[in-house]
Amino acid sequence: MKIKSLYPFFLVLPAWGYLIAFTVFPTAYNWWLSFMDWYFANPLGPSYIGLEGFKNLIYDPIFHYSLITTLIYTFGVTLLELIIGLSLALLATQEFRGRRLFRTLLILPIAITPVAVGLTWKVLLNTDGIVNFLLKIIGLKPISWFAYPTTALYSLMLVDAWQWSPFIALSIIAAFEALPIPPIEAAIIDGASYWQQIRYIKLPLIKDVLTIALMFRLCDAFKTFDIIFAITGGGPANATQTLAIYTYYNAFYWLLMGNAGRLCTFIFYFSFVIVYILARRIKVE
Amino acid sequence: MYSLVLRKLISKAVTYILAILVSLAILFPIVWLLNISLLPPQEIFTYPPKFLTEISLENYVKVLSGGMGEKYQIAATGGGTPFQVNLLNSLICAGSGSILAILLAIPAAYSLSRFRFPLANFFRYQILSFRLTPPIVVLVPLYLIYQATNLYDTHIGLVLVYILANLPLAVWLLIGFFKEVPIELEEAALIDGCTRISAVFRVVLPVASTGLISVAILSLLFTWNDFIFAFILTGNNVRTAPVALLGCISYEQIMWGQLAAQVLLTLIPIFIFVFFVQKYIIRGLTLGAIKG
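Chains A and B, in that order, are what the protein sequence lines are.
The first sequence begins at 13 in the numbering used here and counts up by one.
The second sequence begins at 115 in the numbering used here and counts up by one.
If you are wondering where the hints come from, they were derived from the structure by calculation, not from laboratory data.
Any given hint could turn out to be false.
Using 27 Å as the maximum straight-line C-alpha spacing, the simulated DSSO-like pairs for lysine-lysine come out as follows [as the list claims (entries may be wrong)]:
id, chain 1, residue 1, chain 2, residue 2
1, A, LYS214, B, LYS393
2, B, LYS293, A, LYS219
3, B, LYS164, B, LYS176
4, B, LYS293, B, LYS393
5, B, LYS164, A, LYS214
6, B, LYS164, A, LYS148
7, A, LYS214, B, LYS293
8, B, LYS176, A, LYS214
9, B, LYS393, A, LYS219
10, B, LYS164, A, LYS153
The following block holds chain A by itself, in its conformation from the complex (with noise of 0.2 Å):
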């Protein structure tokens, strides 16, 4: 439908707007921040420094470390999820009893409250947990799980996995059943093995399904907050730290607005190079 005024625009804009007045001013504040020296207690108020706080920032270890673990986090998850995911689209795609109950199942991780979902396996992988019996009992060494730095980040990688991996498995089994037919009756009588219909005509078929719905997952990995912070609250020694929970301690524990100004600004132009590669990469419409 091709329409000559203004008003397909217009209305638009109460959306756009709506998003751009709650997004706008705070980066500008944020620009503002940065420039300064605020520490919130202070009744002075905050102060003008320049580009000094930037200099700060680009030398602060913490910050190296943070942004680090953020990538490791972000990516790790996501590749973890994929794997996972798409065994468990596979396995839900059999015949067998009980399916539609399986996949009702896969809703329950994604729907759970994550702060909920971070404190049931702060409970359960307790160096005194049930897990940690489990796993003497089969005759393996307990895990230290969130209590070592070594292991804490992992370990909230495979809690991340077990709440987000039904996700893109559901996005899968969704793109599968919404297959063409013909392609597939043509590889089944061309005498196609099981994984060769999966590998060579199934996979490449959804292959823009699973790259959108990977890039959700990237870009909510990438702000995972609740998780990590009822888990662990970015410790043991800054090992879970992540930039969101370090921006939090700058803004809200430590109460320094500038450092937490700077570390938003960072955050928002890099999540935006981020999902600008991306978006150019697979080409969303």
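Chain A is already provided as a structure; the job is to place chain B on it using the hints.
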């Protein structure tokens, strides 16, 4: 021939075993939480662990009557216990945030799904990109703005950011759902003398109603589950259920039993939700990827 039957049998068995293992992996955490919530406090981290050897409802009584600790007694305004007040806060804010977001999203999504106009692609891309911005980036400045404008710790303040949180996904999904409505249907209504607005109300929205419900349910679910917005922008007045959950562990000694009970009580609405409206949840979750 014989080996083929055997192979089929084995693959069937493997399928069932894997399906059962996955189901266990999903259900076990919840079952174990239930176990812990029903044990008396001193029995929780015993060796070997106990499974429903003793059942006491003590933890549930404590949560329902007082919530966690003295600090949260403050939240008990209007005669409810802290736990009830928290749930009510969650419901009010998530509910109004979702409804208002959808009301804003409908015209935008309709316009973007039906018309080609300059900047349409720019809008589409930009609205989606808001979904990809980490919330902490807007939360630091919003906290300062809220403090200065007395929006901090109010229902209105939280609803305003919940609209922000819901809007991008709502627009994105509704564009997909509106595109599924055949354009001929709408043109027929226009020829029959409907104005465009009444065509939208009488044809497009009813036909896309499944989609609308999906979007409403997903928005409600995601904002009901929200932690970070409420955690940063509210205090004792408008404490929501997820924030109250974390309140349980900020004490020196974690009361695991009460924590488990409170987690389960908070999740009950979600279990009911998943059971009754799973179709809509799946549709909403997967459409985002499929129609992209």
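Ascending list of hint numbers which this structure does not respect: 5, 8
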